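Sequence lines, in order, name chains B and R.
Throughout the first sequence, residue numbering follows UniProt numbering, covering 1 to 311 in sequence.
Throughout the second sequence, residue numbering follows UniProt numbering, covering 1 to 311 in sequence.
Because the hints were derived from the structure by calculation, they are not lab data.
What you were told as hints is all true, and nothing was included just to trick you.
Far from chain B, some chain R residues (derived; all Cβ distances over 10 Å):
1) Ala35
2) Ala177
3) Glu178
4) Ala282
Derived, one-sided and incomplete: chain R residues facing chain B with beta-carbon distance under 10 Å:
5) Gly4
6) Met7
7) Leu14
8) Gly191
9) Thr194
10) Leu201
11) Arg235
12) Leu261
13) Ala262
14) Trp268
15) Leu270
16) Leu273
17) Ser301
Only a predicted model underlies this, so the values are computations on that prediction, with no experimental measurement involved.
From the three backbone atoms N, C-alpha and C, an ideal C-beta is built for every residue, glycine too.
Number of protein chains: 2
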Amino acid sequence: MTTGLPMTVADPSLPARVRIHEVGARDGLQNEKTAVPTAVKAEFVRRLAAAGLDTVEATSFVHPKWVPQLADAEELFPLVRDLPVRLPVLVPNERGLDRALALGAREIAVFASATESFAKANLNRTVDEALALFAPTVTRAIEAGLKVRGYLSMCFGDPWEGAVPIEQVVRVTKALAEMGCDELSLGDTIGVATPGHVQALLTALNEAGVPTSRIAVHFHDTYGQALSNTLAALRHGVTTVDASAGGLGGCPYAKSATGNLATEDLVWMLDGLGIETGVDLAALTATSGWMAEQLGRPSPSRTVRALSHKE
Amino acid sequence: MTTGLPMTVADPSLPARVRIHEVGARDGLQNEKTAVPTAVKAEFVRRLAAAGLDTVEATSFVHPKWVPQLADAEELFPLVRDLPVRLPVLVPNERGLDRALALGAREIAVFASATESFAKANLNRTVDEALALFAPTVTRAIEAGLKVRGYLSMCFGDPWEGAVPIEQVVRVTKALAEMGCDELSLGDTIGVATPGHVQALLTALNEAGVPTSRIAVHFHDTYGQALSNTLAALRHGVTTVDASAGGLGGCPYAKSATGNLATEDLVWMLDGLGIETGVDLAALTATSGWMAEQLGRPSPSRTVRALSHKE
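Chain B with its partners taken away, still in its complex shape (with noise of 0.2 Å):
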């Protein structure tokens, strides 16, 4: 990296800090095809940790017919669980939260679709069938103290319907809120949104009474969108973002084979900005680096590969 890169230049219409929410060992692992050994999965999340993220999703409690690539997930969490970071679980029902909670772990995320084809497709339910079947997880977790994040899957545009009316994304939105989880993660499953959707659905969220704190975003970056997205919501006030380091995951429903936001391009633009995240970006692409050596493929994320490429 040439030294004093990226320039800082505030904006000061824009969060002074942002909460990274890091996908990549749990959405990222999950949708890649190697095969990763636990104690590489365990050494992963250390060094995000290290490399200064504060929140890193470190597994699934899925049924492991269904996410074959995290069904160590009771070996490896035990491996990160004394980390001083926040470690978030993917929990599907009660059965995943008994696992979770036998493991120690102190927040979990569930997951719901905003559309009726991808309830249908990921979960063989209707929407409302999936909410009132992890229901009762959700409550369970929050009285055993547990935080809880909601995913929302198809926030903006849907495989098989196309464009998603707002209106339905904030009624599971609200329904998630009203259930309890604390926080909301909107998903651009397929990457398909752009800034002015970005914001309408957030005006949207809010004169629904969902207020901005309780509100992340998932960006995809299929198109190349997931930034500008990014910048939108930051506009907006949000300052929760889901990212993964080195770009890892793709999306199973958009075969294009780039996946989530990678975490270091957001970086890049969140130091320009001067918003604090407490990543060190150097530390973050070795990690990504040395992870994608692991994976055996290069990484998706344009800035790993222009820093890893001058090194």
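Given the coordinates of chain B, assemble chain R onto it according to the supplied hints.
What follows is chain R alone, placed relative to chain B:
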């Protein structure tokens, strides 16, 4: 493409129309290693025009010794000059202007550097010597009734100097404007800009008397920042954006091979924002897919990859 995507949600604070200055056939091809036959280049320009781009930079009259990829400018230009679109050509000096005038060019572009290091590397001159060199070229072009665009490289960062002071960029931009360039294209040649920096430079230029209406932005996607920087520029009122079909062209001074903002990624965002460009995204994507086949490598454009994969 899933029908109806991206969903259009306008942002009234952004311009209603943007002119895309398509640089793929010049800036793109001059940085590609593969030799492209003249007939293929002409077909590329024709297809870009047919896809609705109204400004297609066609070729360069720089000495073939420096840009061998475009040594066929004399053969190419007559093949495309009757297309009903703007066809600027790059011209480095009076000799180049003579060649362009002889072929009936109606628009030229000259190029300068915001930094001494790049002026030295690219032109073997100081910044001021370079400006003095092409001042007579600009004057003669204007007298001949041509439109003249001034490219300015390294407006945000420089591989040797790091961050480039805004006042330095303002000084050279003003010199180009006073020389008679009617349009000033601000190049982030190594792709390091971030949105606050973009806004600050545009504001400083306005304060120095350069109106936004004369400014174009030329972002590189080296660190994945091109589109969010473009959004920042649009928010400032910029309505001319440079982009390269399929993301063609790396920057020889940033070896990671990711170069210009891909026109398709830009059009996806502008379509979603309801900003008129006149471009047919499907036709443009098909053109870039065809050109990628000619070059024997996949397009670096995320949108081209995503849309091609579904076909």
